[in-house]
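Asks: Sequence:
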Amino acid sequence: MLMAAVGQWTGAETKALRLAMRLSIRDFAHRLDVAPRTVARWEARGTTLILSHDSQGLVDTVFARVSAEVQERFSVELEAANPVASEALVPVSTDADATVQLPVVIDGRFLLVPLDDVDMTAGGLEALLGDATGMRLVEHSIAAEADTMNPLDRRAFLKAGFGFAAWSALNPDEQAHVAAALETPSRSVDHSVIGYFERQLHTYMADDGTQGPAKTLPAALGLVAAVEQSARDVDPELRRQLLAVGSRIAEFVGWLYRDVHDPLKAGFWRDQATEWAQEAGDPAMQGYILLKKAQAAYDERDALRMLTLAQAVRTGPWRLPMRVQADAAQQEARGYAMLGQNQALVERTLDQAQQLLADAPDAADDEGEQLGAHYNATLLRMQMAICHTEAGQPQRAAELYQQWLQNEQFSTRDYGYFSALMASALALGGEPDEAARVGLVAWPLAAETNSGRTTAELQKVLETLQPWQGRVAVRELREVMSTQQSQRPSCQRMPH
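Sequential numbering from 869 applies to the sequence shown in the working numbering.
Since the hints were made in silico from the structure, they are not lab data. All residues carry an ideal CB built from backbone N, CA and C; glycine is no exception. Be aware that one or more of the hints could be misleading.
Claimed, not checked - Between beta-carbon pairs, the in silico distance windows are:
hint, residue 1, residue 2, range
1, Asp-1219, Pro-1104, 41 to 49 Å
2, Ala-1074, Glu-1105, 38 to 46 Å
3, Gln-1274, Gly-875, 25 to 33 Å
4, Glu-1066, Pro-1229, 39 to 47 Å
5, Val-938, Asn-1244, 16 to 24 Å
6, His-1242, Leu-1132, 50 to 58 Å
7, Leu-1132, Thr-1246, 45 to 53 Å
8, Arg-1100, Thr-906, 21 to 29 Å
9, Gln-1222, Arg-1339, 50 to 58 Å
10, His-898, Gln-1223, 27 to 35 Å
11, Leu-1213, His-1242, 44 to 52 Å
12, Glu-937, Glu-1105, 56 to 64 Å
13, Gly-1149, Gln-876, 33 to 41 Å
14, Arg-1343, His-1070, 20 to 28 Å
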């Protein structure tokens, strides 16, 4: 039942109100008399951002004037955005001695930490409890009783803002060390803490392709919050080192949001990564983030922006690893293809990408270089296939997929994604039965890893297969996707 007023507006509630009013970000911002960028920032931060006192008043005024029908839709939007939390956690009571249990990961186990209203207010945790992303940490298998956090200091845990849920790799001594760093950064943060953050990032990146963003995002968000907390009240050099790590974590969080098909939040975290890279004096990371922005522009089918961003990566004032340069070159070639440029220019740029990769040192021998370390010949072939599809050569693309797409070469999520692209090439090439067969391989992998990108590509495959919708294989793909999507929580369904 919708209350007469909202106690505290966060980015999530403002988004729910905007959707209930059926307004664009620009029109909603006009109603509030704020900049559209401000509304976009609120929504990107979701429940991790509590509006300022003045902004709370502006939204209160708009909310007070909406109709009962809009209020009802607002209630539905809030419920749809947060089904997991409502099932998994006891609602916060107004009683003074009420407690709620916050899930964290310690030594690989899910634990429920009891927090009362005072703890929640001091730690800024009210917003987290309404965040469906954060609450994906809660599994139905978690025991109902709370466990302890020994040997971590709970106050230090709360100081991480919305919770530091990234303790899985620490032994007891390390736990105490990192907890002390969050409590008193100026005295406790040192290179061992920075090394821990780096190790955790590598662990999450390795797990991402198998576990998917729904399980990786909460831990990555906790890690980036811990880095930001640790970077306060330290000397300038240590802050720069922390923000250099924080930039890479923020870029990774942006990638995870891209994978769940949330471009607004993905863009916010890429911008945050850029800011931290600039403050840390890490020009290579700034160039790398431009490459990631070029890739995101492809998702939005903005060919011109993708092309100019890729060109900026290649010509910018930074020294980038050759693997990153190769990735940027193929992205540039794809931009040419999408803009209908001469095929000879597309092929010449793809040749440059292959030569750059061939000249790159082995990833293991590239001293301490992490950017682009995952980029290899197989991945380049997949991207070349995408380029050929964009150039109107789906048969050529399908041949590359058939030759190079092998299960053992990719993570579960990436194999599903490239299988979806292969299905698209086959459909465009007039092979509906084979396209549907490959789509049936990709669909369960998309569901298993919660990959919004893969789901979106498979929706495009169904659209391309419309002329053959009467064929048995095509009908089976449509029925499987439709049935399984209807069974997923509404917050996880992809738009058709």
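Asks: Work down the list of hints and note, for each, if the structure agrees.
Replies: Right, here's what the structure says about each hint:
Between Asp-1219 and Pro-1104 the CB atoms are about 45 Å apart, so this pair conforms to the stated range of 41 to 49 Å. Between Ala-1074 and Glu-1105 the Cβ separation comes to about 29 Å, which falls outside the hinted range of 38 to 46 Å. Distance hint check: the CB atoms of Gln-1274 and Gly-875 are about 54 Å apart, inconsistent with the given range 25 to 33 Å. The given range of 39 to 47 Å is broken by Glu-1066 and Pro-1229, whose C-beta atoms sit roughly 21 Å from each other.
Val-938 and Asn-1244 have their C-beta atoms about 52 Å apart, which leaves the hinted 16 to 24 Å range violated. Between His-1242 and Leu-1132 the CB atoms are about 26 Å apart, so this pair departs from the stated range of 50 to 58 Å. At about 32 Å, the beta-carbon gap between Leu-1132 and Thr-1246 misses the expected band of 45 to 53 Å. Judged by the Cβ atoms, the range 21 to 29 Å given for Arg-1100 and Thr-906 holds: they are separated by roughly 25 Å.
Taken as a hint, the range 50 to 58 Å is violated for the pair Gln-1222 and Arg-1339, whose Cβ atoms sit roughly 37 Å apart. Distance hint for His-898 and Gln-1223: a CB-CB separation of about 51 Å, inconsistent with the stated range 27 to 35 Å. Our hint of 44 to 52 Å for Leu-1213 and His-1242 is violated, since their Cβ atoms are close to 28 Å apart. About 57 Å separates the C-beta atoms of Glu-937 and Glu-1105, a value consistent with the hinted range of 56 to 64 Å.
Evaluation of the 33 to 41 Å hint for Gly-1149 and Gln-876 yields a pass: the beta carbon distance comes to about 38 Å. Checking the proposed 20 to 28 Å range against Arg-1343 and His-1070 shows it is violated: the Cβ atoms sit about 44 Å from each other.
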